[in-house]
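These protein sequence lines are chains A and B, in that order.
Just so you know, our numbering puts 35 at position 35 of the first sequence, and the rest follows in order with no gaps.
Just so you know, our numbering puts 73 at position 73 of the second sequence, and the rest follows in order with no gaps.
Read the hints as simulated data drawn from the structure, not as lab findings.
For clarity, every value in this text was computed on a predicted model and none was experimentally measured.
For every residue, glycine included, the Cβ atom is placed at its ideal position computed from N, Cα and C.
Errors might be hidden in some of the hints.
Not the full set, but computed from the structure, chain A residues with beta-carbon under 7 Å of chain B [as the list claims (entries may be wrong)]: (1) Pro-16; (2) Val-70; (3) Val-71.
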Amino acid sequence: MKARVTVTLKNGVLDPQGKAIEGALKSLGIEGVESVRQGKVFEIELSAGDRVKAEAALKAAADKLLANTVVENYRVEVLS
Amino acid sequence: MKAAVVLFPGSNREGDVASAIKRISGKAANIVWHADSELPANTDLVVLPGGFSYGDYLRCGAIAARAPIMNAVRAHAERGGLVLGICNGFQILCEAQLLPGVLQRNAQLRFMCREVYLRVERSDTPYSRRYNAGDVLKIPVAHGEGNYTADDETIKRLEGDGRVLFRYVSPEGKLDPKWNHNGATNAIAGILSEKLNVLGLMPHPENHVDPMIGPTDGRGLFESINTVLEAA
Chain A
1 MKARVTVTLK NGVLDPQGKA IEGALKSLGI EGVESVRQGK VFEIELSAGD RVKAEAALKA
61 AADKLLANTV VENYRVEVLS
Chain B
1 MKAAVVLFPG SNREGDVASA IKRISGKAAN IVWHADSELP ANTDLVVLPG GFSYGDYLRC
61 GAIAARAPIM NAVRAHAERG GLVLGICNGF QILCEAQLLP GVLQRNAQLR FMCREVYLRV
121 ERSDTPYSRR YNAGDVLKIP VAHGEGNYTA DDETIKRLEG DGRVLFRYVS PEGKLDPKWN
181 HNGATNAIAG ILSEKLNVLG LMPHPENHVD PMIGPTDGRG LFESINTVLE AA
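Take the sequences, apply the hints, and build the full model.
Following this line, the structure appears as structure tokens:
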């Protein structure tokens with residue numbers, strides 16, 4: 001079973017890396033870029049076949065390690 | 001004083017801090033491996049040293065904060081034992097939720113390695129009784145992620161409870177954005193836990209203890225700890 005956890009910075013949290021990327025995109029002449037926020041994607045293989053259990057496990061993983069919920073949000077998706 | 005310095009893969013200041021402890025207390029510190037589950041018996045000070053534990057993978061301090069030894073460190077803190085986290089150690093304490101908030105990328109995006117000025121905000125803590133409130137210390141920093149951030153409510157609580165021990169200031173001891181080199185909220189350089197027994201700070205007091213190599217403003221922190229523990 002494949003899953004994905006996406007971790008992004010909360011709104012209002014300073015993202016200097018995103019700012020730097022935004023600046024680089026602008027200097028490359030890529031038009032229409034209003035702002036960039038950088039995040040992380042975790043692609044996770046799970047052994048169990050139970051969707052509900054898988055989601056619970058991924059949520060625990062995100063809460064305990066993958067995201068720092070002081071400054072980050074996360075989204076859990078079971079893909080197949 | 002019976003100190004335990006925790007060694008994580010990628011720590012690199014454990015020798016510096018152990019040497020500062022030996023110099024000031026006369027007693028050698030135990031170096032404790034991160035995969036151990038217990039601290040040496042009668043440990044009264046735990047130090048999480050600076051460095052780049054786990055190569056700063058995921059987030060600075062994130063993996064180290066979940067290492068087996070951290071359960072023992074947490075129990076020690078809950079008993080009221082002293083826990084000192086320096087630089088990466090501060091990041092680990094925040095990730096372990098032994099201290100609130102998070103250390104984000106420096107606002108200028110650059111790794112900063114230089115001497116800074118710190119103001120001591122209070123002297124009635126186990127870490128600062130050999131200083132006076134208002135003292136300005138010259139202490140080195142070396143970090144890329146030292147920009148202390150927390151939600152407004154946490155900042156208000158920290159400030160209200162007097163839990164900010166050190167702030168980045170000008171050489172005259174004044175708050176000035178120019179001297180807040182990493183952009184930290186309220187120029188916060190070091191904070192205490194609610195019971196004042198856990199301290200996390202970004203600067204490296206252990207590097208300014210030897211007159212042979214320069215200023216010795218960091219000595220007071222280790223002398224304070226030693227005084228408290230020897231009196232106990």
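Okay, the hints, checked on the actual structure:
{"no.": "1", "hint": "Pro-16", "result": "holds, 5 Å"}
{"no.": "2", "hint": "Val-70", "result": "holds, 5 Å"}
{"no.": "3", "hint": "Val-71", "result": "holds, 5 Å"}
Of the numbered hints listed earlier, not one is contradicted by the structure.
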